[in-house]
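Chains as they are written, first to last, in UniProt numbering: chain A, 1 to 437; chain B, 1 to 417.
Don't take every hint at face value.
DEER-style ranges, computed between Cβ atoms [said to hold, decoys possible]: (1) B:LYS371 with A:THR54: 53 to 63 Å; (2) A:GLN67 with B:GLY73: 34 to 44 Å; (3) B:VAL290 with A:ASP399: 19 to 29 Å; (4) B:LYS371 with A:MET88: 50 to 60 Å; (5) A:ARG268 with B:VAL380: 30 to 40 Å; (6) A:TYR4 with B:HIS372: 43 to 53 Å; (7) A:GLU74 with B:VAL380: 34 to 44 Å; (8) B:PRO72 with A:GLN144: 29 to 39 Å.
Read the hints as simulated data drawn from the structure, not as lab findings. All residues carry an ideal CB built from backbone N, CA and C; glycine is no exception.
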Amino acid sequence: MFAYYFQLGLRSLRRNPALTALMVMAIGVGVAASMTTYSVFRAVSGNPIPDKSTRLFTPQIDAWGPQQNLRGGEPAEALGYVDAMALMRSHEAKRKTLLYPVQLSVIPQGNRDLPLNASGYAVTSDFFAMFEVPFRYGSGWSEQDDAARTADVVISDELDQKLFGGADSVGQTLNLGGHDYRIVGVASHWNPRPRFYDLFSTSGFADEPDIYMVFNRALDLQMRTGGRNSCRGSLSFTTWQEYLQSNCVWITPWVELGSSAEVAGYRRFLTNYAAEQQHAGRFNWAPNVRLRDVMQWMDHEQVVPPESRISLAVALGFFVICLVNTIGLLLAKFMRRAGEIGVRRALGATRGEIYAQYLIEAGTVGLAGGLVGLLLTAVGVGGVGVLFRPEIAKLARLDPSLVALTFAVAVVATVMAAFYPAWRAAHVQPAWQLKSS
Amino acid sequence: MKLHPMIAALRRHKAGVVLIALQIALTLAIVCNAVFIIGQRIERVNRPTGLVEDNLMLVTQSWVGAPSGDQPGDVEKLDSLLQADLAALRAMPDVESVVPINSLPLLNSSWTGSVALKPGSDLRAGNARSVYYFGDEHLLKTLGLKLVAGRGFTAADVRNRGFRDSGTPAVIIVTKALADKLYPKGDALGKAIYLDGGSSPSTIIGEVERLQAPSTGSWVNGFLWNATIEPFRLNANFSRYAIRTRPGRLQAVMHAVPDVLYGVSRMRVLDDDSVKSFAQIRQEAYRSDVGMAILMGVVCLILLGVTAAGIVGLTSFWVGQRHRQIGVRRALGARKIDILHYFQMENLLISGAGALIGLGLAIGLNMLLMKHFEMDRLPVLYVLAGIVVVMALGQGAVFVPARRASNVPPVVATRSV
């Protein structure tokens with residue numbers, strides 16, 4: 001029966017072609033608008049590290065005080081050197097890392113005669129295990145290397161490609177900004193979007209980092225952050241030591257905590273630490289700390305661009321209007337055949353059969369709409385670059401799941417829109433129809 | 001024409017009437033707000049920066065193996081590198097003027113702080129937030145800023161300082177907006193102000209008409225036009241140069257600059273986006289605003305099209321259903337124009353009701369947007385204009401089926417369909 005009704009549905013697409021074309025276009029356009037904006041929204045609001053996002057936390061400690069801190073009494077979004085080091089020394093968390101962006105130049109070696117820019121992060125040894133950085137060759141460095149402040153560096157696959165043609169470069173020496181470093185690992189392509197671990201300095205959609213170096217080594221070289229630095233009050237430092245002791249924030253800390261008990265314990269530790277600082281006279285305000293996990297942190301930092309949210313909302317409203325329109329047109333399409341329905345009912349068709357026939361017919365309209373929608377979505381996804389920054393635009397893709405979703409949304413929405421018209425069709429009075437014709 | 005028979009007739013098509021009215025209402029709500037968003041984005045993009053933007057470009061580069069700026073003597077070494085670059089750029093034949101500068105409007109790389117009337121006071125009470133631009137005596141000329149009071153910097157005013165030193169300049173230039181904020185009586189010239197809670201005064205020697213902050217983000221909205229220009233060459237291991245070229249020679253200079261700088265020294269990094277015209281900076285800064293306006297515009301057009309199509313479809317259906325009634329009316333003496341008017345009047349009623357609901361929805365949607373997206377209040381004018389547009393749309397859409405209805409011959413009355 002389904003196949004037969006489906007055939008009828010296909011045939012009815014050709015009946016009142018103008019009306020049908022209007023419906024198919026309305027559904028197609030509505031679905032395409034929603035799917036295009038959804039593809040961007042999906043790309044910018046997804047979970048960048050799904051299996052661990054509830055176990056990774058970034059601690060915040062208010063080192064500015066109520067007069068200077070952010071809107072709503074929020075502490076700064078990063079730490080200064082003093083507090084970062086205090087967290088690093090504690091043993092409360094299973095794993096912990098500190099990081100800040102660095103900008104270095106790769107000094108020409110071999111047959112290259114112009115320097116290259118290399119941007120990346122100064123991190124501690126736990127970084128690689130915590131964030132599950134995949135390695136192509138070698139590995140990260142150890143905690144002993146952190147303590148020994150070694151000149152180790154992990155480079156990206158891409159930099160390895162540029163410098164060594166993609167060969168195993170572990171053990172090679174690299175001159176960065178005039179200092180020699182030993183390559184200990186080559187990371188496979190790894191660039192989680194949004195870049196949850198550094199939302200302080202980036203918008204979350206930067207290109208893949210080229211290098212990761214030992215945090216303590218970067219401090220030894222007095223390497224200032226290549227990213228954001230935020231200070232409060234009147235600034236009076238000139239030397240590196242004075243800068244480290246100032247209230248400027250520039251270091252992002254992360255901790256990995258296993259159980260909810262550990263989370264509670266760490267929160268207590270942060271509060272106690274802030275209270276100690278208050279007693280020591282460094283803070284003259286009550287402890288004000290935060291401990292947010294990955295998704296809470298992304299939400300707090302408002303990673304999803306407002307354009308993406310507004311256009312998703314507009315597209316949904318747009319889709320609703322297209323559906324209201326479809327209800328009206330389906331009603332017109334079905335009720336034109338009131339006479340035919342009357343005859344079928346009089347010949348013994350049940351209401352259920354009428355329902356089935358008309359809902360399946362609506363389904364075929366939805367399918368056609370989905371096809372048009374898919375074409376328009378492809379155009380839309382290609383045109384995303386007009387609206388969003390290129391680094392975000394290239395994240396929006398037409399993959400199999402989006403294709404499936406486009407069809408599913410088109411068919412399901414159309415069938416749902418058809419319920420009322422089908423109900424009206426099923427309630428056509430056979431006697432009345434027969435009499436009037 | 002009496003309305004109550006028409007309303008009675010509409011009761012027989014409740015579903016269709018409700019659907020058309022609902023569609024009109026939703027369309028009105030979305031189109032009003034979308035057009036309002038377009039208007040705001042266009043207004044934002046068209047704000048003048050205060051610069052003369054033609055023939056202006058920016059070069060960003062970093063030195064390799066340059067001192068870090070933290071050891072004694074580093075700053076002077078960095079300054080000599082900077083001076084060498086400046087000399088080479090200024091010697092280029094098509095270059096009119098060059099200034100070493102930390103940022104430009106729309107570049108999204110800002111240096112911000114606060115200025116105060118009293119020494120050692122922080123961000124509150126009568127003080128103002130400000131962005132800082134650092135440059136030498138060529139700054140006003142290169143950027144094309146308009147001086148409205150006082151004078152520009154001379155070579156004697158300009159010093160150099162390390163990127164991370166907190167030096168206070170003896171003289172500064174501020175924007176008129178900032179001067180008026182601090183000295184509402186308009187007597188800012190010659191007065192002293194204190195930067196970043198510092199204790200040594202800086203004297204205002206000039207006011208420029210307008211200079212926008214580098215950031216286009218909403219966090220800067222409160223002090224977008226508050227700029228302070230300090231007479232410093234900043235020395236860091238990277239530098240930026242704003243260059244004004246001779247008219248029409250922008251492309252040539254952009255093309256030639258990398259070779260000129262590599263000619264001074266090869267130990268530097270210039271990458272793909274190191275050399276940018278101001279037009280490119282502007283385009284990147286406002287890409288999402290322009291994109292948003294285009295998207296909203298397309299949405300509005302398609303939405304109006306879909307709504308019109310819906311009205312055409314449903315009205316055609318009604319006309320088909322009422323073929324016989326129309327024939328009867330015609331046989332009883334109704335003229336073609338009466339039938340046409342009947343359908344137009346009917347549509348006016350439905351879309352009028354829809355527009356009333358839409359008025360409420362539009363305001364509701366606006367309030368929702370204000371709450372979540374920092375939107376402004378929707379002016380009533382937009383809604384009124386929107387109502388006129390959707391009513392006109394309804395009338396246009398109903399015309400074709402209504403004309404078909406008016407062409408129904410009276411003889412139909414005698415046939416049973």
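Original post:
Can the suggested window of 19 to 29 Å be confirmed for the beta-carbon pair B:VAL290 and A:ASP399?
Top reply: Taking Cβ atoms as reference, B:VAL290 and A:ASP399 lie about 28 Å apart, which means the hint holds.
**OP:** State, for the Cβ atoms of B:PRO72 and A:GLN144, whether the hinted interval 29 to 39 Å holds or is violated.
**Re:** holds, 35 Å
Original post:
Could one say that the CB atoms of A:ARG268 and B:VAL380 fall in the range 30 to 40 Å?
Top reply: Given range 30 to 40 Å: violated, Cβ gap about 55 Å.
**OP:** Could you say whether the range 50 to 60 Å given as a hint is met by the Cβ separation of B:LYS371 and A:MET88?
**Re:** Violated, at about 41 Å.
**OP:** Go ahead and decide if the range 34 to 44 Å is satisfied by the Cβ distance of A:GLN67 to B:GLY73.
**Re:** Holds, at about 38 Å.
**OP:** Using the beta carbons of B:LYS371 and A:THR54, state whether their distance is inside 53 to 63 Å or not.
**Re:** Check failed, 29 Å falls outside 53 to 63 Å.
Subject >> 43 to 53 Å as the expected CB spacing between B:HIS372 and A:TYR4, which holds or is violated >> reply: holds, 49 Å
Original post:
Taking the beta carbons of A:GLU74 and B:VAL380, is their distance inside 34 to 44 Å?
Top reply: Given a distance of about 37 Å, which is inside 34 to 44 Å, the answer is holds.
The structure is inconsistent with the numbered hints 1, 4 and 5, although it conforms to all the rest.
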